[in-house]
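J.: As numbered in the numbering used here, the sequence shown has no gaps in its residue numbers, which increase by one up to the final residue, 132.
No wet-lab data here; the hints were simulated from the structure. A hint or two may mislead.
[Unchecked claim] Heads up, simulated EDC-like pairs for lysine to aspartate or glutamate below, C-alpha to C-alpha not over 20 Å straight-line:
no.	residue 1	residue 2
1	K104	E114
2	K68	E90
3	K68	D86
4	K104	D115
5	K68	D81
[To be verified] Cβ pair distances, simulated, as ranges:
no.	residue 1	residue 2	range
6	V131	E90	53 to 59 Å
7	E100	E52	48 to 54 Å
8	E90	E52	14 to 20 Å
9	D115	I55	32 to 38 Å
Just so you know, even glycine gets a beta-carbon here, dropped at the ideal spot from N, CA and C.
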Amino acid sequence: MEVAIRKMGNSRGILIPKPILTQLGLEGVADLQVRDGVIEIRPICRHPREGWEKDAERLAQEGEDALVWPEFVNQDDADLVW
Numbered sequence: 051m052e053v054a055i056r057k058m059g060n061s062r063g064i065l066i067p068k069p070i071l072t073q074l075g076l077e078g079v080a081d082l083q084v085r086d087g088v089i090e091i092r093p094i095c096r097h098p099r100e101g102w103e104k105d106a107e108r109l110a111q112e113g114e115d116a117l118v119w120p121e122f123v124n125q126d127d128a129d130l131v132w
């Protein structure tokens, strides 16, 4: 795919089409490197559960940590025959 190199302030840049961004999962920040004369742009793979602990603590402080469906507890599990 041919793209135009555009002036952006004192630098140059390209616009990456949305389908390519979506396909690669690129959002926010990316890893940019030059290898063997080729520009490589890769998504930054962070830990998939990064930030969950902090979010869980915040939800608990806000009182939003209750069971969503409290009626679906496993009260009758003792009656199950395996």
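J.: If a hint holds in the structure, say so; if it doesn't, say that too.
T.: Each hint tested on the structure:
1. A hinted pair counts as satisfied when its Cα atoms are at most 20 Å apart, and K104 with E114 qualifies at roughly 14 Å.
2. For the hint pairing K68 with E90, the CA-to-CA distance comes to about 17 Å; that is within 20 Å, so the pair holds.
3. Pair hint K68 plus D86 does not hold up; C-alpha atoms about 27 Å apart against a cutoff of 20 Å.
4. A distance of roughly 13 Å separates the Cα atoms of K104 and D115; the hinted pair therefore holds under the 20 Å criterion.
5. With a C-alpha separation of about 18 Å, the suggested pairing of K68 with D81 holds against the 20 Å cut-off.
6. Checked against the hint of 53 to 59 Å, the pair V131 and E90 passes, with Cβ atoms roughly 57 Å apart.
7. Taking the beta carbon of each, E100 and E52 are about 36 Å apart, not inside 48 to 54 Å as hinted.
8. Checked against the hint of 14 to 20 Å, the C-beta distance between E90 and E52 comes to roughly 18 Å, which is consistent with it.
9. Here the CB-CB span from D115 to I55 is close to 50 Å, at odds with the stated 32 to 38 Å.
Of the hints listed earlier, those the structure fails to meet are numbers 3, 7 and 9, in rising order.
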